[in-house]
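Undergrad: One letter stands for each residue in the lines below.
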Amino acid sequence: MYGRGLIKGLFVTLKNLVRPPFTVQYPEERLTQHPRFRGQEFAWYEERCTGCASCAKYCPLGIIRIVTEPSTTSVEQGGKYNIETFDIDIGRCMFCGLCVEACPYDALFMGSGFERGKYRRKDLLISVDELRTAAKRPSTWFRPQLERNGYDPHAGVPISWKDVGRENWEWRQEDKAGSRFYKTNTDQQNKVVENSAEEIP
Amino acid sequence: MDSFLENNGMYRGIYCYFSGNEGNAAWCKGLDGILPLGWEWLGYFIAGFTIMLVLVNGALLGAALFVWGERRILGRIHKRRGPNRWGPFGLLQPIADLLKLLIKEDLVPTIADRVVFTLVPVVMLMSLLLSLAVIPFAHNTYLADLNVAVLYFVAVGSLSTIAIFMAGWSSGNKYAIFGAMRSVAMLISYEVPLVMSLVGVVLIAGSMSMVDVVNAQHVPFILVQPLGALIFLLGISAELNRTPFDIMEAESEIIAGYHTEYSGIKFGLIQAAEMAGVLAASAVLATLFLGGWSGPVFSSELGAVWFLLKLTFFAFVFIWIRGTFPRLRIDQIMAFAWKFLLPLAFINLMSTAVEVYFFGFYNASADQLGVITRNELWVMAAINSGIAVVAITLFGRVTRNRMETEPVRLHKFQSAGTVIGVN
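Protein sequence lines, in the order shown, are assigned to chains D and U.
Residue numbering for the first sequence follows the numbering used here, starting at 1 and increasing by one per position.
Residue numbering for the second sequence follows the numbering used here, starting at 1 and increasing by one per position.
So that you can see chain U by itself, here it is in the shape it has in the complex (with noise of 0.2 Å):
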């Protein structure tokens, strides 16, 4: 039966096993299925589900696992010591905070749209497991390898913004619509540079599907593209409302922003999808900027291992962050990302786009570009460190002013002495 799934390791292992036969594709061969002729729609179904198995599965334990580094990470940095008490190192600890979700009351406000406000975890889970699709997690091993992956994973993944808004909306609170309200003007900011980063990669790569981007990683890209992986980080912290931009959940201003009135298993829905969207964005960092499964050696053998290795790297990198910097305000956010990040998300573009144009000759007779080699790889990645550094040195200067001073305050009590008002 063709699919989708043809190029997929694991798909083909147990679909042969359960369905091969000689009337089938030819990938099959030397294999006797077990089940009899004209029941191949049965292996097709078996094989599918546990890819759709291990994948959903795979996110939610990530997600607990992530939990889990995250609080001792931060706990280190904190020079705590974090969760340690149930399992070896507290690695139980996401399993109890799980337990005690589901045993709690499931509130839903008197005034809340219902139907809405219980769609919202449905929704975040979903745009977060279905991002996960077109991520290659190993040599041919993916669910699909669309050729417009790249623009997939970014309109995927702004779903959450609805499902921000939803809940919101949908909670009747007014620290609800407060967060909500933030997040989405914060999160509609963040994609322009966002997306605008992405696109150097597919310049140079040639494609948008992530397998043709790995493929064509002879370096890294974050060497070839480090600007774009600098705004490509930002753009997607912001977008998981990690902590230097989480004013949209900041629990010192608005309590804890579109969930304050989430509670039970829909919280931890809610959380498990925020933390398997760092996950993700990790797993797409690893993919587009080092290089995805490809390693040094053993790269079709041990492709899950160099894959795992460049998503912890990158996930490390989230909670590093959040470990170090404070949140910002509204205006130096938004500051931020028109300011300083717009700008030299079009310059990457730009450079990157005068790069390609140069290095792969346009080839006239065959109507596309030629294939950029490593040593012009190399090249690239010499003019882009150098113009990043300007860029950023540059705008830098540009920006710094606005971004660093405080709003104008009226200095009432200028001297001990005088009371403005005592006269």
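Looking at chain D on its own, in the form it has when it is part of the complex (with noise of 0.2 Å):
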């Protein structure tokens, strides 16, 4: 009959009508971010720091920037360099993370904050005051040690330099088993890679 997809269309946006809205009324509703969300407020511990700069070589942007000098009191790991700038522009930041993968002390970790608008852009840049002063909220992303804790960012508890743990290197060693290039001292992997040599000829 004619008409018909008409009255279908009108109790479509009827049923809708009656069902409740999925919009987010967002200063006093928020949703959940995942524990691994690579926010801004990058948190970093000047313990675990040796100013090696490697997040600064790895980032694609260049936005990092590192001043160090020779440490004469001893800290407690590392304990090369001391730094006296570490300043991230999050304002060019696109949040890839290469920095954090790239940190070998597991001294940066991405933060887990989105709200950050400012009115100038250099207030966009963090300071290293900012990041030593800051409440530590790290996100769990490439940061496996924390979700195994069960450490969530978003439940606002900061964490500090000693709890946030270290990669667990014999995770890394499951990881990396079947490649025979890289030889282990577990038993169980020193078989795979016996036997792995000896089919190559």
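Any given hint might turn out to be false.
[Unchecked claim] Per label pair, the in silico range of CB-to-CB distance:
#1 E69(D) with K104(U): 56 to 64 Å
#2 L99(U) with K122(D): 34 to 42 Å
#3 T32(D) with A185(U): 50 to 58 Å
#4 D113(U) with G91(D): 46 to 54 Å
#5 V305(U) with K15(D): 35 to 43 Å
Hints in this document: simulated from the structure, not taken from any laboratory.
Treat the numbers as computed from the prediction; the structure is a model and nothing was measured.
Glycine included, each C-beta is placed from N, C-alpha and C at the ideal position.
Assemble the dimeric complex from its two separately framed chains, guided by the hints.
TA: Put into structure tokens, the structure is as follows:
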């Protein structure tokens, strides 16, 4: 019958009318972010940082600027350099996380926030003082030890450098056990390495 | 002092409070006016002015409320929330919009015809407010009980077409004139089935006065005249530039149509007139097809409540239609008016005329038709519903092929391998 589609369309809109809206009223209501969310406000632990500047080298945009000087006092881990400047210009950051992947000492973590709107561009630069003093709620992205400990940055509890842990070395061994170029100490993995070595003439 | 407002309850109250005395009309008995003798004109003036103030402000306030309601309901149809920031449920949003429009610069294009350009909002608002005069809002509450009220509404309502064309012509903008030309072409087409659909109601009620139509509705005329109600709803939504027929302000094609060049409070007035026009149309629909102020209980005491409920229902239907249907093409709109609505209007008119001839037997001695009773109305409702279903099905089949097929296009790229021009 002519007009059936019109009536069907009217009932579709009527059905939608009585359904609850799915918009979130942002300042009052917030969606929970995933713990691995790569946010702003990088978490940086100075006690871990040796000043190797791997992060600055790996940054595709070149927005991390590090100035170091030889350290006179002994710092607990690392302890080669004093960090004078550690600026991250998040106005140009694309949050790829390569700096966090590059960090060999697990000193740099992605942040978990997303509300860093500023009125001036120069305010978007995170200085070393801010990195030192900020409450550290690191994202669990590329840091599986945090996730294994059950840490959720969005629960709001800051975590100190002693608690964030190091990336588990054994876990990395298991991951790389398939490679015959990588020799390990555990028996099981030695077997794998030996077997594969026999097959190759 | 005699006036056409005499039956209006509000007028009686105010006038008698000021000028009720023994020399006055009989309906002021028992009241002593506070003004001395010879000052009746002041009471008349105050009463008339008050009614005018209530009506005009009520219409504009209703338009503001309608804007809010429309945005909320459209939002919910889109699964959004709509305006909800200022006031409870965002109720003060129209005030924020109005303030914004008031402090905007009021631009007039250099090549515009200044006088006509400025007159447009006035003419639009005037046509709207004039059409409110004949609507009975409650028992004995209306500005004028014209004996040609239905005709008056249609005539005054089409004044807005002139305003739209004035806007398009005086703006000196090609999009404005496009919109105005489309509007005039469309509105003149839709005026025909619109008027024809109202004739059936007038035939059954035996009068063009809205008050008489309400009194004649022992059964709501939407049951007795289903085809007429449908045609009137569609025709009036075309006349009001509502969405399925809003080619004259199609923002994806011509920027805003006839009001492209309008800004500031002129734009606000045009919008207010459009929105209040929807309310006026809903009021006429409620009056002619749903019994107006008469309700199942307390018709004379709570007439305004019943009327507002019915008006809100039809306003919701307008919003619902707007939230559902996409914009039609100009040829689809024209085909719909001339090939679908107009034949249906003729069928409705013919069937109603025959029914009225047989049910309200012509009384030769009194030279008038007899009154149609409630049972006869129910029989008419059954017959007309059947006729409506058959006619819609039939004319839907007749017009379907013409309306639903796309214009024939040349398929230049019929297969992926061949491109025309490369041989």
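Undergrad: If a hint holds in the structure, say so; if it does not, say that too.
TA: Now for the hints, and whether the structure bears them out:
no.: 1; hint: E69(D) with K104(U): 56 to 64 Å; result: holds, 59 Å
no.: 2; hint: L99(U) with K122(D): 34 to 42 Å; result: holds, 36 Å
no.: 3; hint: T32(D) with A185(U): 50 to 58 Å; result: holds, 55 Å
no.: 4; hint: D113(U) with G91(D): 46 to 54 Å; result: holds, 51 Å
no.: 5; hint: V305(U) with K15(D): 35 to 43 Å; result: violated, 29 Å
In summary, the structure is inconsistent with hint 5 from the numbered list given earlier, while agreeing with all the others.
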